[in-house]
Amino acid sequence: MGQLCLTNIRGGANDPRKRIPLCRYAQDGTPVKTVRFLQEQPIFGGVDDQAMQSIMLLMRELSFAAADMIVQEGEDGDSLFVICSGSVEVLKACPTANSEFGKRIAVLRVGDVFGEMELIDLQRRSATVRALEPVSVLALSNADLFQIYESDLPTFTLIVLNLARELSRRLRSIDDLAVRYMPTNSRPDSS
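Counting from 1 along the sequence shown, just add 600 to a position and that's the residue number in the numbering used here.
Simulated from the structure, these hints should not be mistaken for laboratory data.
A hint or two may mislead.
Label-pair ranges, simulated between beta-carbon atoms [unchecked claim]:
hint	residue 1	residue 2	range
1	Ser654	Arg780	38 to 46 Å
2	Tyr749	Pro783	16 to 24 Å
3	Glu733	Met782	33 to 41 Å
No more than 25 Å apart at the CA atoms, straight line, and that leaves these computed lysine to any residue pairs for SDA-like [to be verified]:
hint	residue 1	residue 2
4	Lys692	Asp648
5	Lys692	Glu733
6	Lys703	Pro783
7	Lys703	Ser751
8	Lys692	Val710
9	Lys703	Phe637
10	Lys692	Asp775
11	Lys703	Ala778
12	Lys692	Thr755
13	Lys703	Asp775
14	Lys692	Leu658
15	Lys703	Ala743
16	Lys703	Gln653
17	Lys703	Phe746
18	Lys692	Leu657
19	Lys692	Phe756
20	Lys703	Thr757
21	Lys703	Leu761
22	Lys692	Ile705
23	Lys692	Glu675
24	Lys692	Ser726
25	Lys692	Ile774
26	Lys703	Ala667
27	Lys703	Glu640
28	Lys692	Gln650
29	Lys703	Asp752
30	Lys703	Gly674
31	Lys692	Arg765
32	Lys692	Met652
33	Lys692	Gln672
34	Lys703	Ser654
35	Lys703	Glu718
36	Lys692	Ala667
37	Lys703	Glu733
38	Lys703	Glu716
Note that the coordinates shown come from a computational prediction; the quantities given were computed from them, not determined experimentally.
We put the beta carbon where it would ideally sit given N, CA and C, even for glycine.
Using the sequences and the accompanying hints, generate a full structural model.
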């Protein structure tokens, strides 16, 4: 119990953030949070075992306490995060929000990903993400993605296509919401 099945090549004892192992062995010797966990997530779908193990070695392990801000709207950001345990809320600044942090637009749980927009467009964070309970995440930075590009172009291409699909799904969902809340008397401009 507590043995690592993969080690992280980054960070060290001086890292102010708590570290979590990439993979532990349960009492019965079976691995928990393995390569399979990431391969089951849409952004890593189709990535083979060997490539996924290499990617896991690039990823940073981070943990946060309940109510910790993981990312803040308007900050610079260059990483995406995969939630390994716990849940987070996504908050967007809004003048009519009941919270100082903004209006809640989503709750994300184990397996969900956030921060992918900043990984692709290199813009500031579009929303604040706050832990609702203790949370552990694996982070993949833009520099990590570039390293994958340099060392394994087919895997890089697959990840970028998966990211594009995920962003497209979210955009479709926003389109559906926009139509649902559109005033019924509004008509498209026919000019």
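Violated hints, by number in ascending order, as checked against the structure: Hint check: 2, 4, 7, 9, 12, 14, 15, 16, 17, 18, 19, 20, 21, 27, 28, 29, 32 and 34 fail, others pass.
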